[in-house]
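Participant: Residues per chain are reported as follows:
Protein chains: 2
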Amino acid sequence: MSESVTDRATDRSPGRATDRTDFFHRHKDLLERAVAAAGDRDHWSPHPESPSPKVYGPEAAPAGEATFRAHLGSAFKLPGHPQSGTVAVGERSPYGLPLDVDYPQVTPEEAVAAAKAAASAWRAATPDVRAGVAAEILSRLNAASFEIAHAVHHTTGQPFVMAFQAGGPHAQDRGLEAVAYAWAEQKKLPAVTRWTKPQRKGEPLVMEKTFTPVGRGVNLLIACNTFPTWNGYPGLFAGLVTGNPVIVKPHAGAVLPLAITVRIAREVLAEAGFDPDVVLLAAETADQRTAAELALHPDVRVVDFTGSKEFGNWLEEHARQAVVYTEKAGLNTVVLDSTDDYKGLLRNLAFALSLYSGQMCTTPQNLLVPRDGIRTDQGTRTAAEFAEDLAAALDKLLGDPERAAGTLGALVNDGVRARLSEAAGLGQAVHPSQTVDHPEYDGATLSTPHVALLDAAADAGTYTREWFGPVSFVIATDSTEHSLRLFTETVRAHGALTATMHATGEDVLEAARAAALEAGVHLSENLTGAVFPNQTAAFSDFHGSAANPAASATLTDSAFITGRFDVLQSRRHVAPETATATEES
Amino acid sequence: MSESVTDRATDRSPGRATDRTDFFHRHKDLLERAVAAAGDRDHWSPHPESPSPKVYGPEAAPAGEATFRAHLGSAFKLPGHPQSGTVAVGERSPYGLPLDVDYPQVTPEEAVAAAKAAASAWRAATPDVRAGVAAEILSRLNAASFEIAHAVHHTTGQPFVMAFQAGGPHAQDRGLEAVAYAWAEQKKLPAVTRWTKPQRKGEPLVMEKTFTPVGRGVNLLIACNTFPTWNGYPGLFAGLVTGNPVIVKPHAGAVLPLAITVRIAREVLAEAGFDPDVVLLAAETADQRTAAELALHPDVRVVDFTGSKEFGNWLEEHARQAVVYTEKAGLNTVVLDSTDDYKGLLRNLAFALSLYSGQMCTTPQNLLVPRDGIRTDQGTRTAAEFAEDLAAALDKLLGDPERAAGTLGALVNDGVRARLSEAAGLGQAVHPSQTVDHPEYDGATLSTPHVALLDAAADAGTYTREWFGPVSFVIATDSTEHSLRLFTETVRAHGALTATMHATGEDVLEAARAAALEAGVHLSENLTGAVFPNQTAAFSDFHGSAANPAASATLTDSAFITGRFDVLQSRRHVAPETATATEES
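So the sequence lines, in the order shown, correspond to chains H and G.
Residue numbers for the first sequence follow full-length UniProt numbering, so the first one is 1 and each next one is one higher.
Residue numbers for the second sequence follow full-length UniProt numbering, so the first one is 1 and each next one is one higher.
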């Protein structure tokens with residue numbers, strides 16, 4: 001990815017080239033910076049993560065909230081969107097607020113037909129033009145961060161600051177990262193080149209060859225309830241920039257954040273002279289099964305999915321006509337051997353388990369601790385003692401209701417509540433989940449993490465299942481070696497999005513790195529400060545890996561891009577002396 | 001792909017770094033040149049395609065032939081290779097020569113176990129080390145080009161010069177192209193980087209992050225009868241360089257070229273300090289079904305396949321645990337509208353149909369011609385007249401037995417012979433296939449192309465099947481527009497490896513380009529000289545495309561590489577002032 005990546009830019013779209021390249025020229029520097037950042041993997045973000053008025057201006061927060069509130073009880077407008085009536089999806093805020101937003105209703109056939117009708121002009125545009133449009137969409141999404149933050153807060157139950165950050169700027173970062181990869185990947189080859197092969201006698205053979213990236217077809221995005229934008233934007237923008245129309249199928253419980261996103265995308269597409277149906281919303285109720293129907297449509301050639309292992313595996317098994325990128329679930333694991341900052345370790349882990357009530361696909365579930373203890377700067381702590389210390393750290397973190405609310409958020413749906421009830425009977429509860437009153441919303445259920453002490457040998461049936469929500473286990477093992485073996489075996493078999501090692505010795509850390517490579521999972525080492533196992537930074541940290549069963553994709557790497565388009569070639573002879581520019585004559 | 005791609009080279013393999021990087025340092029310039037060539041797509045090859053003594057030296061040809069002849073009637077030696085007895089695969093030259101070579105017998109379980117045992121050190125080596133080993137293998141394969149040429153000639157039936165070029169230097173070019181892509185793709189990210197995030201108060205957060213490419217698992221290569229090396233090397237080298245052990249499963253009729261390849265690869269691996277079982281040979285008889293068994297083995301994570309549509313589709317359907325790259329078959333199409341060099345067009349097409357008796361996955365089968373004729377510099381020629389002219393051009397090309405033998409080669413197997421017999425009854429035969437005596441070998445069956453005149457409407461059932469071998473159709477259509485529509489429809493439905501357009505008007509050529517993009521196939525325009533529709537040049541032309549059903553891969557693009565490895569990350573805090581170099585402390 002070189003700085004000169006735009007040198008090969010050629011816009012061959014007929015007629016309105018000037019209009020269509022406007023957004024590209026506006027964002028060219030940003031795109032080049034993003035490509036460089038994805039290569040360097042140092043910290044970088046053009047989207048400030050602080051919701052402070054000093055950053056977004058004093059009007060942004062109240063204006064965004066007002067815009068959000070205006071959606072409530074209304075029919076969401078998407079001008080020009082194919083529509084046969086409206087659908088009341090029944091979104092209800094985990095904080096008790098009824099949303100009552102109706103969305104355009106569209107059948108799978110209608111959605112695919114509209115996407116296909118919009119596809120050809122979009123496909124004919126250059127990667128530059130598409131990347132420019134995508135960057136403009138992201139810029140306007142950033143301006144709408146407060147509106148989207150409230151929509152995320154009231155559909156996912158995320159605490160507000162998290163909803164702002166993860167649902168706004170961090171999701172926009174992930175989207176821009178996908179744009180950068182998709183743009184650079186399509187520009188690796190020249191649009192037109194000259195091939196000159198010397199001959200033993202006479203003139204050389206000379207051909208002019210063109211290389212055209214062509215999108216695979218309709219890209220379906222099936223989004224999740226908990227991180228509709230953060231997990232959705234990479235697929236949305238990767239699909240768009242590689243020349244595919246995208247049908248956005250939100251989770252019935254979290255439509256609004258993506259409806260706002262689709263509205264903004266369509267506005268930008270129309271301004272750039274494209275059919276806005278390049279991006280479509282396919283809202284459905286929880287009872288409808290349009291996701292499955294859409295995913296099997298012969299013209300749907302790419303599927304992005306975030307959600308349950310069951311449906312993810314079903315998609316991988318059945319959507320054979322498509323390239324399927326899934327982010328499912330697994331057994332996020334922490335291996336504890338030793339630490340020189342036991343307080344920091346406990347603080348970090350307590351927060352990691354509590355953040356958004358453990359409803360992150362990255363929340364640690366299985367904490368593997370040698371039965372006889374870990375060495376710490378506070379002396380050796382057995383597995384049982386460590387479990388008690390963790391329980392105390394959780395109580396300390398969540399003792400203040402305001403702070404608890406700002407950390408825990410609310411339980412997103414009945415599935416999480418059911419799992420939490422079921423977990424109450426498992427192993428030896430060292431920190432039983434407790435209900436906390438929300439200082440502002442009467443309707444919200446706040447629950448502290450449930451932590452149980454398990455035995456590695458006796459309780460394998462329990463900890464080799466995923467318990468999505470505020471449920472984690474301290475698992476007593478025979479030794480660190482045993483922990484690392486268990487880590488590799490369980491993650492290879494059941495997958496994981498995150499893994500963490502706490503150890504002071506370089507030899508143990510090296511063994512952990514080897515175990516993580518064997519398990520196929522990204523590793524965090526000795527997190528005791530302000531970086532948590534469940535957080536990944538766009539442009540620097542990878543999220544997920546096809547190397548283990550929890551996902552079939554990494555956000556964001558080249559493999560996440562290359563399945564979405566093909567480069568097609570044409571070749572013709574030209575006279576040796578003819579210049580490339582005569583192509584147009 | 002920048003010139004500085006090696007700046008990030010770091011060999012972290014323990015102990016014998018000096019030995020293992022030797023080959024990399026020897027071939028570093030070549031690798032960088034190859035990466036640049038794959039980006040520029042101008043003509044480039046480090047492997048001379050001429051078998052002339054002036055190029056390869058006066059001794060190369062006789063020495064290569066002697067080495068080949070020494071294999072006949074012997075047991076092929078692969079020192080250290082896992083082996084439970086030997087297998088007589090029954091290779092028989094299409095020119096009549098019995099080969100009688102026995103190969104090591106190995107069960108699928110034994111092969112996978114040996115590959116896995118060899119994998120970890122290979123995976124732990126750096127991309128530089130692996131690319132260096134691969135480049136050395138290719139360099140030695142180039143030195144063995146005459147030995148391999150005879151092995152290809154006497155297993156595939158290719159005429160000798162073609163066997164030398166396609167089986168030797170051109171296959172080596174394709175292999176090196178795969179090495180270049182695989183090497184560059186793994187080096188897009190830094191091995192170690194520093195992440196520094198400013199904090200509102202106090203010191204910045206600083207982390208050191210490592211990125212390690214990790215191969216997916218065992219890579220199975222299922223090779224074909226007609227182009228064992230040309231179609232096999234891309235997968236072999238892409239698999240190797242991305243850190244996977246490769247099990248080579250040759251077609252029972254064409255084992256020797258790949259056995260020689262495996263022997264050379266194992267020699268280089270051993271010299272570089274690796275377990276030679278990183279590359280294994282799994283020879284089988286035509287009756288055994290080890291390919292299917294190997295392809296479903298849970299530890300086989302990548303499959304490369306060239307061959308029939310039926311088995312290719314079966315692999316895509318059933319080898320769900322693996323990433324499957326197939327190159328199958330389709331309806332290679334020529335659309336004729338007009339030409340200003342009718343003689344050149346006929347000469348070019350006659351050669352394209354005759355080369356290796358049409359037994360190339362790229363040989364044109366369906367020639368779409370407006371019933372009322374094409375405009376040429378020799379006047380308008382109706383579809384029927386064009387068919388007669390083509391027949392005459394074939395007779396002229398193949399009239400001399402020596403030249404016919406050097407062009408046609410021999411029919412590779414009974415499947416081709418059966419199809420040729422079946423084709424005799426189809427449509428109106430304008431050039432019935434004729435048998436030609438080989439000037440040197442009594443046992444060879446040489447057959448000229450069978451060309452029949454068909455009707456686009458009446459004979460769709462015939463021309464929408466693939467007739468692999470010397471069978472082509474002149475199909476009378478209503479118009480060029482009709483031809484282009486048929487072209488798009490049939491290729492979208494049944495696939496194609498190649499497409500060719502003959503037209504003098506830029507508007508018609510533009511329409512053909514649009515049709516080819518819609519069909520998802522690479523296009524050649526107005527080939528009337530020394531470049532033929534069925535030939536593609538490594539580093540410049542793409543071969544195949546996942547954009548149509550004839551293949552699920554392109555030789556060679558990034559998608560052919562990215563499914564073979566994942567990048568795994570680890571991260572740890574470091575003090576802001578610590579230098580990266582302290583990692584080793």
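These are computed hints drawn from the structure, not numbers from a lab.
There may be inaccurate statements among the hints.
No copy is singled out in the list; a pair is fine if it fits within one copy or between any two copies.
[As the list claims (entries may be wrong)] No more than 25 angstroms apart at the CA atoms, straight line, and that leaves these computed lysine to any residue pairs for SDA-like:
no., residue 1, residue 2
1, 188, 30
2, 28, 344
3, 77, 290
4, 188, 44
5, 188, 525
6, 188, 40
7, 28, 40
8, 188, 33
9, 188, 32
10, 54, 318
11, 201, 373
12, 201, 320
13, 201, 52
14, 188, 510
15, 116, 392
16, 77, 60
17, 77, 98
18, 309, 505
Participant: Checking each numbered hint in turn, tell me which of them this model violates, lowest number first.
Facilitator: Violated hints (numbers, rising): 2, 10, 11, 12, 15 and 18; every other hint is consistent with the structure.
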